[in-house]
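Trainee: Kindly generate the complete structure, drawing on both the sequences and the hints.
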Amino acid sequence: MNETAEEYSEQELLIDEPRSGLREWLLRTTLQDMVASHNHSRDFNGSRAEYIYLRVRLLSFVFALLAPLWIPIDLVLLSGASFKQMLVLRLTFSGLFLMLGLWTAQPHSLVLARLRVALFITIPGLFYIGSRIVLGGEVPDAGILMGYSFLPYLVVSLLALFPFTLLEGLAYAITIGLVVLGTELGFGTLFTVRAFGEVWLLGLLAGIAMWAELAQLHMLLQLYREATRDALTGLVNRAVLTKWLDLEVTRAREKQRPLSVLLLDLDLFKRINDTYGHLAGDLVLQVFARLMIREMPGINLIGRYGGEEFLAILPGKGEQQALELANRIRAACHKARVRGPDNQSIGFTVSIGVAMLEEQEDADALLLRVDKGLYRAKEAGRDLAVVA
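Using the numbering used here, you'd call the opening residue of the sequence shown number 1 and step up by one each time.
Check each hint, because a few of them may be wrong.
Unchecked claim - Simulated crosslink set (DSSO-like; lysine-lysine; CA at most 27 Å straight-line): (1) LYS243 to LYS372; (2) LYS270 to LYS378; (3) LYS372 to LYS270; (4) LYS378 to LYS335; (5) LYS255 to LYS243; (6) LYS270 to LYS335.
Just so you know, these hints were derived from the structure itself, not from any lab.
Remember, it's a predicted structure, so these values are computed and weren't measured experimentally.
Mentor: The structure is reproduced here in C-alpha cells:
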C-alpha cells in the first residue's frame, strides 16, 4: 500500500449510524425557515411565490369588483363635492386592483410575489389616506365607520391567507401600522382615545394574522418536503431534479453562462447490500449524500436520481470545474468509512459521468449524454470520472 493510501487509512472518516436524513434536516431547519427564507430551496421559493401570486390575484379582482358597489352609499351619505372626490377615489382604487390582478408576469418569482403583496397593501393604504382627506380627517358618523376606515383592519386580516415568514409578516404589518399612525399624526388625532383603540385593534389583528401566516408556511413546507424529499437521504427526489434541470437549462441560455451536471453511481452497491445487509446499504447512501453536500459547498441542486444514482446540477460551472468537483468527491469517498449495524467498517467508491450543456441541447439530451459518461466510467473499471 502506498503512502497516500496509508495516510487515508490512518485518517479514515468514521461516520456512525445517522438518523433519518429527512428527519434530521427537518429538525435542523424548521425554526430558521419560519423566520426567513434564506434556507428555502429555489424550487420551494417558486412554489410559494405562485401560491402568493394566485391569492393576490384573486383578492385583487374581489376588491376591484366590490369597491364600486359602495358608490350608492357614498351618494346617500356624502355631499355633492365630497361624493365626487370619493367617486374618483373608488374608481381609481378599483382600477388599480384590476391592474394588479391582470399582472401575470413571472408568477414563480419570489421577488415579484413580495412586490405584489406590497402593492396589495399600498393601494388600500392610499385609499384610506385619501378618504380621510375627503372626509376632513374625521369619520362623519360612527355608524358608517366601517365604510370609510375599515380597510387597514381588513387588509391586515387578509394577510393571514398568505404563507409568510416571520420577517415578511412583520414587515407588512408594520407598513400597515405606519400608514394608520402617519394618517392620525397628519390630522393631529394620534394622541386620542380613538386612535389608541385603532392601533390596539390593528396590533391584535396583526398578531393573529402572523400566527396564521406561520402556520400556513409550516404546513406548506411540510407538504413540500414530503412530496419532494427522499426520506432516506433528505435530498430532493428525481421529479424535483428534472424540474430544476429544465429551469437551469433555460437560465443558462438566457444568461449565456455554462451549466454542467454530474451523474454519480455508487460502485458495486448490490455487493454491499449482499455482504453487509440492506441496512448497511442504507447507511452508505446516507453517508454519501452528506459527503456530496460537504464536498460541494454552496451547491444545493443535489438529489437522489434513483437507487444508488445521484445527480448534481452545477450552474455557472464549466466542464473543467465540474470534473474537479467530481474528482474531489471521488477522493473523499476513498477516505470515507461507514460503521455498519454490526460495527463493520465499510468502504465505497463512486463512478461519475460529467457533461456540460452544449448549444441547442435540451435537458433530456444533456441527461442522456452524462449517462453515457457514467457508463464509460463503469466500463473502464469504475471509480472514475469521465467527461461525456
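Trainee: Would you mind marking each hint as holding or not holding in the structure?
Mentor: Verification of the supplied hints:
1. A distance of roughly 21 Å separates the Cα atoms of LYS243 and LYS372; the hinted pair therefore holds under the 27 Å criterion.
2. For the proposed pair LYS270 and LYS378, the alpha carbon gap of about 14 Å is at most 27 Å, so the pair holds.
3. The hinted pair formed by LYS372 and LYS270 meets the criterion: a straight-line CA distance of about 21 Å does not exceed 27 Å.
4. For a cut-off of 27 Å, the pair hint linking LYS378 to LYS335 stands: about 20 Å separates their Cα positions.
5. Between the alpha carbons of LYS255 and LYS243 the distance comes to roughly 18 Å, so the proposed pair stays at or under 27 Å and holds.
6. For the given pair, LYS270 sits about 21 Å from LYS335 by alpha-carbon distance, which is consistent with the 27 Å threshold.
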